[in-house]
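Engineer: One-letter residues, chain by chain:
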Amino acid sequence: MKLYVPHVGHFEGLEELLNCSDNIYAVYMAGSPDYIGTGRTNLSAPKLDEIAEQTEYAHSKGVKMEIVLNSSCMGGQQLTPEGYRAIDWYFDKLNTIGIDSITVADPYIVEMLAKDYDMDVVVSVLSFVDTPQKAEFYEQLGATTIVVDPAVNRHFDKLEAIRDTVSCKLKLLVNEACLYQCPFRYAHFNFFSHANGPGPKPNVLDDYYYYKCLSLRIKDPQQIIKSPWIRPEDLKEYKHITDTFKIGGRTHFVNWILNNVEAYANERYDGNLMDLLDSIKDLKDTFYIPNSELDGAIEQWKKCDKVCHKCGYCKRLAEKVIYRYSGSGDEIRKIPLGPVGDRK
Amino acid sequence: MSMTQELLKARTSLENNLRELLGIPVFLIEMDAFALPCGCGGVTINTRGLQLDDLEIFEEHILKHLTDTVTSLEIEPSFLFARLIPGTAEVASINARMLCSSCYMDFGRGSGKQPRPDIYIMRFDRRE
Chain A
1 MKLYVPHVGH FEGLEELLNC SDNIYAVYMA GSPDYIGTGR TNLSAPKLDE IAEQTEYAHS
61 KGVKMEIVLN SSCMGGQQLT PEGYRAIDWY FDKLNTIGID SITVADPYIV EMLAKDYDMD
121 VVVSVLSFVD TPQKAEFYEQ LGATTIVVDP AVNRHFDKLE AIRDTVSCKL KLLVNEACLY
181 QCPFRYAHFN FFSHANGPGP KPNVLDDYYY YKCLSLRIKD PQQIIKSPWI RPEDLKEYKH
241 ITDTFKIGGR THFVNWILNN VEAYANERYD GNLMDLLDSI KDLKDTFYIP NSELDGAIEQ
301 WKKCDKVCHK CGYCKRLAEK VIYRYSGSGD EIRKIPLGPV GDRK
Chain B
1 MSMTQELLKA RTSLENNLRE LLGIPVFLIE MDAFALPCGC GGVTINTRGL QLDDLEIFEE
61 HILKHLTDTV TSLEIEPSFL FARLIPGTAE VASINARMLC SSCYMDFGRG SGKQPRPDIY
121 IMRFDRRE
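Residue numbers (this note's numbering), protein chains in the order written: chain A, 1 to 344; chain B, 1 to 128.
Do not rely on the hints blindly, as some may be mistaken.
[Unchecked claim] No more than 27 Å apart at the CA atoms, straight line, and that leaves these computed lysine-lysine pairs for DSSO-like:
no. : chain 1 : residue 1 : chain 2 : residue 2
1   : A       : LYS281    : B       : LYS113
2   : A       : LYS310    : A       : LYS212
3   : A       : LYS47     : B       : LYS9
[Said to hold, decoys possible] Across the chosen pairs, the derived CB separations fall in these ranges:
no. : chain 1 : residue 1 : chain 2 : residue 2 : range
4   : B       : ALA89     : A       : ASN203    : 16 to 24 Å
5   : A       : GLU293    : B       : ALA35     : 25 to 33 Å
6   : A       : ASN266    : B       : ILE121    : 29 to 37 Å
7   : A       : ASP207    : B       : LEU21     : 32 to 40 Å
8   : B       : ALA89     : A       : CYS311    : 49 to 57 Å
9   : B       : LEU63     : A       : THR41     : 22 to 30 Å
10  : B       : GLY108    : A       : ASP243    : 31 to 39 Å
[Stated by the list, open to error] Just so you have them, the derived chain B footprint on chain A, three or more residues with Cβ under 8 Å:
no. : stretch
11  : 8 to 21
12  : 36 to 43
13  : 206 to 216
Simulated from the structure, these hints should not be mistaken for laboratory data. The beta-carbon is built from N, C-alpha and C at its ideal position, and this holds for glycine as well.
Work out the full structure: start from the sequences and follow the hints.
Structural biologist: Have a look at this one:
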């Protein structure tokens, strides 16, 4: 199994990560936001010499280095002569450094990378590849690997169709935990792309989409169950699709990342599922979901037609397995969630 | 004195001390007391005009002023850190946090002053 693991972006973090686990096949981190930016929050803006130092270190440990430059919107700058030249210059430098792969979202950049450089071209989840047709298009543009949109992580028919259609590699993101069929998905990533890109950066105080996302889950916790995460124990169900899995979470502490690495490497986690989920970490002190109680749920999801109002499986499961925390610190109590769905 | 009055006084005093020390117009635009569901508590002080360089060069002195401030608010000064605006050297906030056992592990397992590129630790007392 090949685990792609998030890295916060500075040397100390990488050192700690690679010294504490032998289960890492590759690490990925953001590059400089001055050229392309990323569709997620960046905690660092490593310069080329820092990227070079970290890449050399990762390679010395037998670990591959991937740079993520997956803005979902660049305002068309990439298509201008100036934009093209800047990106071309940056790719050239990364290529010289010896970066193994670059993750990008824009089809134009996929094609550009595939044509002119030696680095593997990874199509980001932010390209939203959720059908065999889209996968085929990206493969023809030059993709070496496609990270499938997690929205179809529980649509095995689509995953299998994608696998059968393309010959490039596939990668599955296991713990993103965005809302299933999230209405904010495109707008949220476009916002991040501008906030973490070359600029002009929006002067935004709060992230509407994130707060709304948390609020929806607090009001209706079955949404946490419906999120298309993949439990460590269920990786075996995906091995006929791929052997390559990506852990999300490059804004978290190394401790959190390592906990995920161990869980997914061992394909087992005894604890709160919320510990593993990336985008809703702020709710880990709100809900307790004993991971072991989700054993077998994958069997339902494998045959699920995703017509929730008729099925109700995730709602019933949420009522059974989710606990709500009350109190704080040492005085914390777990209260069973009980009936959900009628809250206004 | 009420908690609000304590905070008002502490904010002004710390701001004056930093301005005097650094000789630049540092602003402490907001000082908040917080309590998190995990069990962490403390204060966060939003700053403008402070740079990572300032912290590194004057760390010993800043640490003293910050320690005095949080001690006056009856907050243990065992974990003091700055939050940087990601990808820059701008200090967004300085913080005193009484860590719960779970969050302690996030920091306790690591080493060095920057466990994440946006966090600069000024003081971290390890537990036995």
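Engineer: Take the hints in turn and mark each one as holding or not.
Structural biologist: Each hint tested on the structure:
no. : hint                            : verdict
1   : A:LYS281 - B:LYS113             : holds, 23 Å
2   : A:LYS310 - A:LYS212             : holds, 26 Å
3   : A:LYS47 - B:LYS9                : violated, 41 Å
4   : B:ALA89 - A:ASN203: 16 to 24 Å  : holds, 19 Å
5   : A:GLU293 - B:ALA35: 25 to 33 Å  : holds, 30 Å
6   : A:ASN266 - B:ILE121: 29 to 37 Å : holds, 31 Å
7   : A:ASP207 - B:LEU21: 32 to 40 Å  : holds, 34 Å
8   : B:ALA89 - A:CYS311: 49 to 57 Å  : holds, 52 Å
9   : B:LEU63 - A:THR41: 22 to 30 Å   : holds, 29 Å
10  : B:GLY108 - A:ASP243: 31 to 39 Å : holds, 34 Å
11  : 8 to 21                         : holds (count 6)
12  : 36 to 43                        : holds (count 3)
13  : 206 to 216                      : violated (count 0)
When each numbered hint is compared with the structure, violations occur for hints 3, 13.
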